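**Student:** For the record, the sequence lines run as chains U and L. With the first letter of the first sequence counted as 1, position 125 gets the number 125 in the working numbering; the numbers rise by one all the way through. With the first letter of the second sequence counted as 1, position 78 gets the number 78 in the working numbering; the numbers rise by one all the way through.
Simulated from the structure, these hints should not be mistaken for lab results. Computed from a predicted structure; not experimentally measured. The beta carbon of each residue, even a glycine, is placed where N, CA and C say it ideally should be. One or more hints might be untrue.
So the derived label-pair ranges between C-beta atoms look like this [unchecked claim]:
no. : chain 1 : residue 1 : chain 2 : residue 2 : range
1   : L       : Asn309    : U       : Leu425    : 21 to 29 Å
2   : U       : Phe205    : L       : Glu384    : 26 to 34 Å
3   : U       : Asn241    : L       : Val388    : 52 to 60 Å
4   : L       : Glu203    : U       : Leu202    : 42 to 50 Å
5   : L       : Val133    : U       : Met394    : 24 to 32 Å
6   : U       : Gly254    : L       : Arg353    : 43 to 51 Å
7   : L       : Val133    : U       : Glu34     : 56 to 64 Å
8   : L       : Phe359    : U       : Lys23     : 25 to 33 Å
9   : L       : Thr169    : U       : Phe344    : 51 to 59 Å
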Amino acid sequence: MAKSASDPQSHAGHSAPVGAALKVYPAPKELEREPLVLNNRSLGWITDAIAGICEKPMPKWWWPAFIISFGVMVMMFSMIAYEVSTGIGVWGLNQPANWAWDITNFVFWIGIGHAGTLISAVLFLLRQKWRTSINRSAEAMTLFAVACAGIFPVFHVGRVWFALLPGYLIPAPNANGIWPQFRSPLLWDVFAVSTYGTVSLLFWFTGLIPDLATLRDRATSKVRKFFYGLFALGWTGSNRNWSNYEKAYLILAGLSTPLVLSVHSIVSFDFAVSVVPGWHTTIFPPYFVAGAIFSGFGMVLTLLIPMRTLFKLEDVITVRHVELMCKVILATGSIVGYAYGMEFFIAWYGGSPYELYAFKNRAFGPYWWSYWSMITCNVISPHLFWFKWCRSTMWFVWLISIVVNIGMWFERFVIIVTSLHRDYLPGSWGYFTPSWVDILTFVGSFGLFMTLFLLFIRFLPAIAISEVKGVTPQADPHHPLGGAKDHH
Amino acid sequence: MNHAFLILKRWMALLACAGILSFAGSRIEAADEAAKTPAAETAATTAATPAAGDAGHAAANVPGHGHGGEAKHVSFAEQFGYSYLTAYMFCLSLCMGSLFLVIVHHLFDAGWSASIRRVTEQLSSLLFPWMLVLLIPILVLQKQIYPWLSLDPAQDHSLAVKVVLFNPTAFNLFLIALVGSWGAIAHSFRRWSLAQDKDGKVEWTRKSRVLAAAGIFYFAFSLTLGCFYLMKSLQHQFFSTMYGVYYFAGSVWTTLATVYVLIMVLSRPGMPLEKVVFKRQQQDVGVLFFAFTVFYAYIHFSQYFLIWNAAMPEETFWYVRREYGSWKWVGFTILFGHFFIPFLLMLNQDIKRKLFLMFPMAAWAWLMHYVDMTFNVMPVLHPEGLHVSILDPLLWFGMTGFLAVMFWRNFNSAAPYPLRDPRFAEAVTHHEIPAAGGAASHH
Chain U
1 MAKSASDPQS HAGHSAPVGA ALKVYPAPKE LEREPLVLNN RSLGWITDAI
51 AGICEKPMPK WWWPAFIISF GVMVMMFSMI AYEVSTGIGV WGLNQPANWA
101 WDITNFVFWI GIGHAGTLIS AVLFLLRQKW RTSINRSAEA MTLFAVACAG
151 IFPVFHVGRV WFALLPGYLI PAPNANGIWP QFRSPLLWDV FAVSTYGTVS
201 LLFWFTGLIP DLATLRDRAT SKVRKFFYGL FALGWTGSNR NWSNYEKAYL
251 ILAGLSTPLV LSVHSIVSFD FAVSVVPGWH TTIFPPYFVA GAIFSGFGMV
301 LTLLIPMRTL FKLEDVITVR HVELMCKVIL ATGSIVGYAY GMEFFIAWYG
351 GSPYELYAFK NRAFGPYWWS YWSMITCNVI SPHLFWFKWC RSTMWFVWLI
401 SIVVNIGMWF ERFVIIVTSL HRDYLPGSWG YFTPSWVDIL TFVGSFGLFM
451 TLFLLFIRFL PAIAISEVKG VTPQADPHHP LGGAKDHH
Chain L
1 MNHAFLILKR WMALLACAGI LSFAGSRIEA ADEAAKTPAA ETAATTAATP
51 AAGDAGHAAA NVPGHGHGGE AKHVSFAEQF GYSYLTAYMF CLSLCMGSLF
101 LVIVHHLFDA GWSASIRRVT EQLSSLLFPW MLVLLIPILV LQKQIYPWLS
151 LDPAQDHSLA VKVVLFNPTA FNLFLIALVG SWGAIAHSFR RWSLAQDKDG
201 KVEWTRKSRV LAAAGIFYFA FSLTLGCFYL MKSLQHQFFS TMYGVYYFAG
251 SVWTTLATVY VLIMVLSRPG MPLEKVVFKR QQQDVGVLFF AFTVFYAYIH
301 FSQYFLIWNA AMPEETFWYV RREYGSWKWV GFTILFGHFF IPFLLMLNQD
351 IKRKLFLMFP MAAWAWLMHY VDMTFNVMPV LHPEGLHVSI LDPLLWFGMT
401 GFLAVMFWRN FNSAAPYPLR DPRFAEAVTH HEIPAAGGAA SHH
């Protein structure tokens, strides 16, 4: 070791580029990373492109889309009114499948709502700059999905007014001094989902403030100016504003990150704390979280791929963004696949005949079609994203994103229904079939989701304007285009 | 370098002595066993014949099962085997955690970690030949270590159902194949990385990505099987779908603590990584170390909570034994030492570059992971409570010391960082490389 230890040549027979000075080779052309905003768009262009969506009249397709969504939503509320006025018997629940369609839909929508906080908080903490083009829509999607999810547990009690009385879901004793069952994960769900919804709303709103101020400053009518100004909370864009904003955003990101894990972990506890074969398995919490992120990203792609085309936002939501989301789907789909495999393996390994039967019944019993739909959609289809063509062909990605969501709905259906419909006594076995009310209520929840999303893109900036500007070359003081130059 | 080899030789000699002693011990133990009447054992395993659903109760009578509580005579071979297995699982954690970091670096096409990748490449390369060589004593002492190897599958339902995997032939072949294949994967990454140092071809990066893509699946399933064989099978009746993830989470946590210390030391003035590792890498490894503190706690809590809440004897027996006597305090030590202390300490982001706190934290992480491995392994041998043998520190220091020497030898045999990795520029310029790709600014 005669030479200095800092000299790479002293370490190896390999020839290091330069002894004393560090030589840095630029990335070869084929491995250069695509910029996050294409065509060297200026900051002004970004503002015009995004703010313009909610300033100009909506394109022609918007009204038919809104009317159809609204109609479907009305159908859902009609079904709910019918269910409440008639009784829970209008659903297809039976013995032994006394928990089926409603809880499947609840878990499905909560899962969809997962990607928003992941993109906002976790990717923010991990300094993943690509999140900036998609986080706003994903956060909005989270809120709408949580709203859709909330409908099912609230209305599955039948006499819904009881759900809101003390002693049922509200954590306070009723007239007889009876408290809700605090040892039940169903009550934990109330806390977890409401906390998640609240923090997600706060996070979404905090991120909106600078953009609302932009819309306020650009508003041409008094009504718009008033409302955007009201919610912009007097934002001036001063250093002090930005400093407080950045701190608040970071703190909310830190608070939200455990929520990403907690919400779906607690949803998984709804099943895993029991002793029902097929439900009681220790891998459920991370497996549910991975599945939720998987389906959440699926829905983000389902919404953003048409949006980027319809609003001509291809320079902001680029193919690189889509590819990266495909990779997240691939990663989380693989984790879900590992969990499916591990469940089956341990059912065999553990030696419990009931556990093994539950899994054999899933794959080869009366609901085999749902199990294999789940496997095809969740385990097989994401692996197409290993191929660049599959990741970068928009219609194909959109198709797979829908397949992913179909698969994740089936996953919840498989877990819930196949574990319940055949229990220990063959004499009490049954078969669940959804009623028309079940089906139309679920279809109607998509109407609610799409109505809210269409209103969101009508009135609020669907992409975080200030955050996208922050990842352009102009925002980098070391970049030739950066610094205090005239790019506005 | 001569000095390093001298140390290596001494450790080899020490291990050889330990091996001879263990072999001798095993012969004595075998003679002891032959002299005993196996009536009690037979009765216990007969009771374990499954009435379906009763497996848990019956299994409480099987060796390695039940509440424990009574101290039994422990031979030298048994103590050596268990102490050795604990140390081995610790070292395997470091190697597999490093292999995981190499795989995800390629899989995520990461930039920031390019300048520290050689450290993890060299750590994971210890899998072959050294971890494979170090596996030999476990294979030699397998009957002393694993109670299920002495059971008749026909008399034990939980063994009979998985006899395809749990038989001596499969056990030996799979373990050798697993450790050997991990080593082959690790060496492929290292070899291609070194080849790229010479010619700078992108082809090596592409090959690594393809291997990482296939490797991550193989890694997940094979690590699960490996830790089932090596550690979980000590109580073969126990089953938990989370167990593989649990070992993985602890392994990556310990590895990140190790990598943190290594890059901090190696980036000091005059050291090989001085010019290529910056605050960014140091901070990011610290952040990952913190993140895995939480991830491990999440995983272990989920496993414990779901087993405790369901309270099925088929599962609870594993934790019941670990809550008996002083094992309860070991469990509390893991709860506070593996999670609360590091979590609270590293919550502040500035802490992650304060060496006077982080170095002790990393040492503490090593200790806690060793305690965690002990918590998994030792209650089978010492159900009455924690028992520290002189062999525990001796073998742990021996194995880690030997691997440290091997690591340092490997590290010095090649360039200390990937000289011509296509993402190297990103790592050393904090993503601030000018568009033209010229000389970079360092901060």
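**Student:** All hints are to be evaluated individually against the structure, with a verdict given for each.
**Tutor:** Against the structure, the hints come out as follows:
1. L:Asn309 to U:Leu425: 21 to 29 Å: Holds: the Cβ-Cβ distance is about 24 Å, inside 21 to 29 Å.
2. U:Phe205 to L:Glu384: 26 to 34 Å: With Cβ atoms ~58 Å apart, the hint is violated.
3. U:Asn241 to L:Val388: 52 to 60 Å: At 59 Å between Cβs, range holds.
4. L:Glu203 to U:Leu202: 42 to 50 Å: holds (49 Å)
5. L:Val133 to U:Met394: 24 to 32 Å: violated (53 Å)
6. U:Gly254 to L:Arg353: 43 to 51 Å: At 19 Å between Cβs, range violated.
7. L:Val133 to U:Glu34: 56 to 64 Å: violated (46 Å)
8. L:Phe359 to U:Lys23: 25 to 33 Å: holds (32 Å)
9. L:Thr169 to U:Phe344: 51 to 59 Å: violated (24 Å)
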